[in-house]
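Make a model of the complete structure from these sequences and hints.
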Amino acid sequence: MIVLFTDFGDAGPYTGQMQARLLQLAPDVPVVRLFSDLSPFDVQAVACLLPAYCSGFPPGTVFLCVVDPGVGSERPGVLVHADDRWFVGPNEGLFALLARRADRVDCALLPLPADASSSFHGRDVFAPVAARLAMGDRVTAQAQPAQLLDRTDWPDDLFQVVYTDHYGNAVTGVRANEIETSATLNINGHLLKAAKTFSAVPHGAAFWYANSNGLIELAVNRGRADEQLGAVVGNAFRSE
Amino acid sequence: MIVLFTDFGDAGPYTGQMQARLLQLAPDVPVVRLFSDLSPFDVQAVACLLPAYCSGFPPGTVFLCVVDPGVGSERPGVLVHADDRWFVGPNEGLFALLARRADRVDCALLPLPADASSSFHGRDVFAPVAARLAMGDRVTAQAQPAQLLDRTDWPDDLFQVVYTDHYGNAVTGVRANEIETSATLNINGHLLKAAKTFSAVPHGAAFWYANSNGLIELAVNRGRADEQLGAVVGNAFRSE
Amino acid sequence: MIVLFTDFGDAGPYTGQMQARLLQLAPDVPVVRLFSDLSPFDVQAVACLLPAYCSGFPPGTVFLCVVDPGVGSERPGVLVHADDRWFVGPNEGLFALLARRADRVDCALLPLPADASSSFHGRDVFAPVAARLAMGDRVTAQAQPAQLLDRTDWPDDLFQVVYTDHYGNAVTGVRANEIETSATLNINGHLLKAAKTFSAVPHGAAFWYANSNGLIELAVNRGRADEQLGAVVGNAFRSE
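Protein chains in written order, with my numbering: chain L, 1 to 240; chain Y, 241 to 480; chain W, 481 to 720.
Treat the hints loosely; a few may be bogus.
Stated by the list, open to error - Computed spacing ranges between beta-carbons, pair by pair: (1) L:70 with Y:436: 38 to 44 angstroms; (2) W:593 with Y:428: 33 to 39 angstroms; (3) Y:268 with W:535: 44 to 50 angstroms; (4) W:719 with L:55: 48 to 54 angstroms; (5) W:508 with L:103: 39 to 45 angstroms; (6) Y:351 with L:240: 55 to 61 angstroms; (7) W:680 with L:150: 24 to 30 angstroms; (8) Y:324 with L:204: 40 to 46 angstroms; (9) L:240 with Y:382: 47 to 53 angstroms; (10) Y:440 with L:55: 52 to 58 angstroms; (11) L:196 with W:664: 58 to 64 angstroms; (12) W:664 with L:70: 21 to 27 angstroms; (13) L:75 with Y:315: 30 to 36 angstroms.
In short, the hints are calculated from the structure, not lab data. None of these values were measured; they are calculated from a predicted model. Heads up, the beta-carbon is just placed ideally off N, CA and C, and yes, glycines get one too.
Have a look at this one:
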């Protein structure tokens, strides 16, 4: 299975073009669009989501990860083998937290094909490698080892909003098991208590909870946390 | 074929996570994203859409229906066998009109798996059942019969907007064959006459018509009915 | 492979309904959603995109193209065989530029099935033909030849914005090899110089570049060109 983890949007051409390329190179491998609406410029935020949302996928899954504000610059693409899963994408820090939590990590440099465009490496550089991996071709054998950009300055848990979903819920970069359930979270002056799920609080009430992927999420029962709490990606909060 | 009928959004993680789960459990069954933008809190509106939009799918199709404002509460999930199609989702009224119009309906209770999250039953409760059904496993044999929430207080035809589409057209909960084509519809003071289709009225003119799934739809030729008529989901209208 | 090139939106029912129809008629043919957010009323803009974005797909690919402001009117549907690819859609000018650049073009009339709806020809008229083509059925043998609407009044390169993408970049109807890289482009009074790619200009700077499909695109590094330049579909610009 190839899983798409990008900021490409769903309706426009980029996800479809990448999917068409995968289909030509690996016709029998199913492709799942996991995220198409990641924050395009906040690589640290995306790096917090990746380990949480890649868990639950079977061994051998190939993640095609493209949030690439520096596309066309000198930064190379990499192939990361973390425990039993594969990750392909730009070496901009996207894989930093994932690698930190893995038992075993190998990282290889992806050469830039001569005919690659300067603005669409997802289609021209990363998709062909993902397709070969998914077909069982161990690409790393011929690849040059690379140093993963490991961003040791980034904390393990990021007390910021890292994604706002379709309902307006604000996913944070904090793992749920790092916070006491008695904690009060303060975001933009709003004080939130924990609840088990939406239906446990009144309509219109804001709360925090451990979401279904193990991250702290700020939400409003039958309302939009992004609007009601002013929560946007990059917005900091604290535990009190 | 498994058909997704949800309020999950397309670009975010939920549709993809559910699709990945289906792929693991029923690798050869195609999955179609029919609706990802249903109204999250108006179950009655969604209940009007389901019978109209599930017609035309072949016998044996499994509909995975998740509009679930009460997720995590005590309400159970159900499996509904209505004539020759299968429906899986929360027992919140979603299947009420569908069942009312079917010749034969069976309803079974879905047990809550011990490891299910409290906020994502689409992935953890409903998808596994849909996958088994699509693989030909008659899940009902082992299931406890359930009482379908049949909402006898809901009318057969709902004189409200139940969905606004990508173009701004306002789909209503009224079946086209329940209204005379000579009727004038009044929504927010705008008076609409029937037309056969868009090109039958001038640019910018509002009209109503029988849409391609048999529901009354309010539209504007080369314009947006949602903006021009102020039509939103839940908005009432009347026939004059 | 069947490629969807429409203004249907992704989340609503239309793309899914068309995909379900394709799946029933051509179960083993993969379907790729390339564009779902084309401009619904600007057929000339869409006609500029089609030849640029259909290149790169393998011979035999079937493009299901539906931007159809005149649906339900007298205009017929057509099947276009341009070099080694197939195109199905309304004869409203969508295929004019594509045909002009092809070495060999055949065009056949699509009969309107008796049970077709008056508003959803994508599902009822075009999808069944696309499915038959993708299955290897040479539909044209039984079809009546048609005159392609060739819009000789439309220029080869359109100095207008023809699409704004998910990031706010403004794709134009001008092929990159028709403009000197020394050119300055003037849109709404903003003067743009060429750059090779995003990272070649400072954050917040506007520029133009040859996009990965060979069209001139107006962009802002880590910003939105649509907002910063006021660029919308149909907006004219000139080279100075």
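Taking the hints in turn, this is what the structure says about them:
1. L:70 with Y:436: 38 to 44 angstroms: violated (53 angstroms)
2. W:593 with Y:428: 33 to 39 angstroms: Taking Cβ atoms as reference, residue 593 of chain W and residue 428 of chain Y lie about 37 angstroms apart, which means the hint holds.
3. Y:268 with W:535: 44 to 50 angstroms: Violated: the Cβ-Cβ distance is about 33 angstroms, outside 44 to 50 angstroms.
4. W:719 with L:55: 48 to 54 angstroms: holds (51 angstroms)
5. W:508 with L:103: 39 to 45 angstroms: Taking Cβ atoms as reference, residue 508 of chain W and residue 103 of chain L lie about 40 angstroms apart, which means the hint holds.
6. Y:351 with L:240: 55 to 61 angstroms: violated (39 angstroms)
7. W:680 with L:150: 24 to 30 angstroms: Holds, since residue 680 of chain W and residue 150 of chain L (Cβ atoms, about 27 angstroms apart) stay within the stated range.
8. Y:324 with L:204: 40 to 46 angstroms: holds (42 angstroms)
9. L:240 with Y:382: 47 to 53 angstroms: Hint holds: Cβ distance 49 angstroms, inside 47 to 53 angstroms.
10. Y:440 with L:55: 52 to 58 angstroms: Since the Cβ atoms of residue 440 of chain Y and residue 55 of chain L sit about 54 angstroms apart, the hinted range of 52 to 58 angstroms holds.
11. L:196 with W:664: 58 to 64 angstroms: holds (60 angstroms)
12. W:664 with L:70: 21 to 27 angstroms: Since the Cβ atoms of residue 664 of chain W and residue 70 of chain L sit about 26 angstroms apart, the hinted range of 21 to 27 angstroms holds.
13. L:75 with Y:315: 30 to 36 angstroms: Given range 30 to 36 angstroms: violated, Cβ gap about 50 angstroms.
Hints 1, 3, 6 and 13, counting from the list given before, are not met by this structure.
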